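Participant: Chains A and B, in that order, are what the protein sequence lines are. For what it's worth, my numbering labels the leading residue of the first sequence as -9, then goes sequentially. For what it's worth, my numbering labels the leading residue of the second sequence as -9, then goes sequentially.
If you are wondering where the hints come from, they were derived from the structure by calculation, not from laboratory data. A couple of the hints might just be wrong.
Identical chains share a label here; the pair holds if one copy fits it or two copies do between them.
Once the Cα atoms are required to be at most 30 Å apart in a straight line, the calculated DSS-like pairs of lysine-lysine come out as [to be verified]: (1) Lys(-3) x Lys231; (2) Lys144 x Lys59; (3) Lys90 x Lys233; (4) Lys(-1) x Lys141; (5) Lys(-1) x Lys117; (6) Lys239 x Lys73.
All values reported here derive from a predicted model rather than from experimental measurement.
Protein chains: 2
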Amino acid sequence: MVERYIKEKRRMELIGLEIPVLSEEDNLGIEYLADLLASYPLKDGDIIVVAETLISKLEGNIVKREEVKPTPEAYRLAEKLGKPPEVVQVILDEAREVVKVGEGFIITETKHGFVCANSGVDESNVKDGIKPLPKDPDRSASLLREMIERKTGKRVGVIISDSMGRPFRRGACGVAIGVSGICALWDKKGERDLFNRPLKSTEVAIGDELASAASILMGESHEGIPVVIVRNAPVPFTDGKGKDLIRPKEEDLFR
Amino acid sequence: MVERYIKEKRRMELIGLEIPVLSEEDNLGIEYLADLLASYPLKDGDIIVVAETLISKLEGNIVKREEVKPTPEAYRLAEKLGKPPEVVQVILDEAREVVKVGEGFIITETKHGFVCANSGVDESNVKDGIKPLPKDPDRSASLLREMIERKTGKRVGVIISDSMGRPFRRGACGVAIGVSGICALWDKKGERDLFNRPLKSTEVAIGDELASAASILMGESHEGIPVVIVRNAPVPFTDGKGKDLIRPKEEDLFR
Chain A
-9 MVERYIKEKR RMELIGLEIP VLSEEDNLGI EYLADLLASY PLKDGDIIVV
41 AETLISKLEG NIVKREEVKP TPEAYRLAEK LGKPPEVVQV ILDEAREVVK
91 VGEGFIITET KHGFVCANSG VDESNVKDGI KPLPKDPDRS ASLLREMIER
141 KTGKRVGVII SDSMGRPFRR GACGVAIGVS GICALWDKKG ERDLFNRPLK
191 STEVAIGDEL ASAASILMGE SHEGIPVVIV RNAPVPFTDG KGKDLIRPKE
241 EDLFR
Chain B
-9 MVERYIKEKR RMELIGLEIP VLSEEDNLGI EYLADLLASY PLKDGDIIVV
41 AETLISKLEG NIVKREEVKP TPEAYRLAEK LGKPPEVVQV ILDEAREVVK
91 VGEGFIITET KHGFVCANSG VDESNVKDGI KPLPKDPDRS ASLLREMIER
141 KTGKRVGVII SDSMGRPFRR GACGVAIGVS GICALWDKKG ERDLFNRPLK
191 STEVAIGDEL ASAASILMGE SHEGIPVVIV RNAPVPFTDG KGKDLIRPKE
241 EDLFR
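Could you build all of it, start to finish, from the sequences and the hints given here?
Facilitator: Listed below in structure tokens is the structure:
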């Protein structure tokens, strides 16, 4: 006869935060966000997930359309993709390699090493201009974390999140492009299963799972929730980086 | 001068639930879990995420090692992969197509259509034997949802989750292999951005994001949390399926 019980073992909470709608021209810097967050009742161990759009705006990392001079290659691709040549030029400027050309989008490897559609370049949620990914998301995450910790005395983790498609499965999911103060890729090798046998190969993309969880509340930023606090997540506060989640080309069966 | 405010806009909660450790021999059926969940104070709109291991055990969907007769192909692959030939045979039996052979694992397309390592076949968290994925996870999800709704009168969503690796990024993430009662793939085309312009192509894998969020609490099941309730998730209660998240081969740039 099998026992019957069900009981709560662990609770985690996600809090979606609204801040003023910013324009890239405000050029406010990361400290503006650190100040806002320091005025919120943070707790030790909170993980703060910030949409990359907000970081790019705070850092003034937006390309003005009229300042882009498309090359002949950009014009050629623009026609094929049905995108403005200026946007295609920014996509190419952000790319280290074009991986595949699809219908209406290209898959590139960005200078950071992310393999994603259109180098992560976007025209949504910015007032004007073309928005690349933040230049160094791990550095932005670390800067924001240090500012918050200094202002509040609380220990926090920070994730800069984006939303990316993937092969084999439809739809985009939240991913962590910048991480600071917490584990990003969690190696569980050697931990035990339910029957006390060691797990074989189990690397968990915990940074991406946290970004996906936050993305449920953020939506596509149009709901105006660019920041989500994850509270009571059972995640180690180690020295993870967004870069830990990038699979090197030579290890990748699909490149 | 930019305004300064930060305020809570939305809260979501995840509750990790412990139930007795089951063995596949108990052969309890989905109703056992429905009864346990009906004894928990569920709320209207709760989304219940269940680890696929638990479903396979409840459904008695475990292959006995001694009943597997490996073919010569399984023996050949077993040597290459460093896996027991019986396990390789089950992987092949579950596969519709071998997509790639890697070091120590193969990528297959399962009979369901999932492209994943080793057809999702697993030896962890089962007492003995070899565990394939549930035969029809959408059907299991729908069965569990209907039982819970009948027993409680609450409207709920159900996700059967697994953990899968992916190209380009390291580590595994929670994914939704079975879905019932909620949206799985959310098409946001036509919704508006922060500056009131329509979003272009934005399909969100909301089922996978929910599975990833739950996976943060589940760990690799060795913490004994096979069920997570997601409360207050802003997700439409439509008729989604796990199959909605499968990208057809002919649409996939990487196959």
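Participant: Are any of the numbered hints broken by this structure? If so, which, sorted upward?
Facilitator: Hint 2 contradicted; others consistent.
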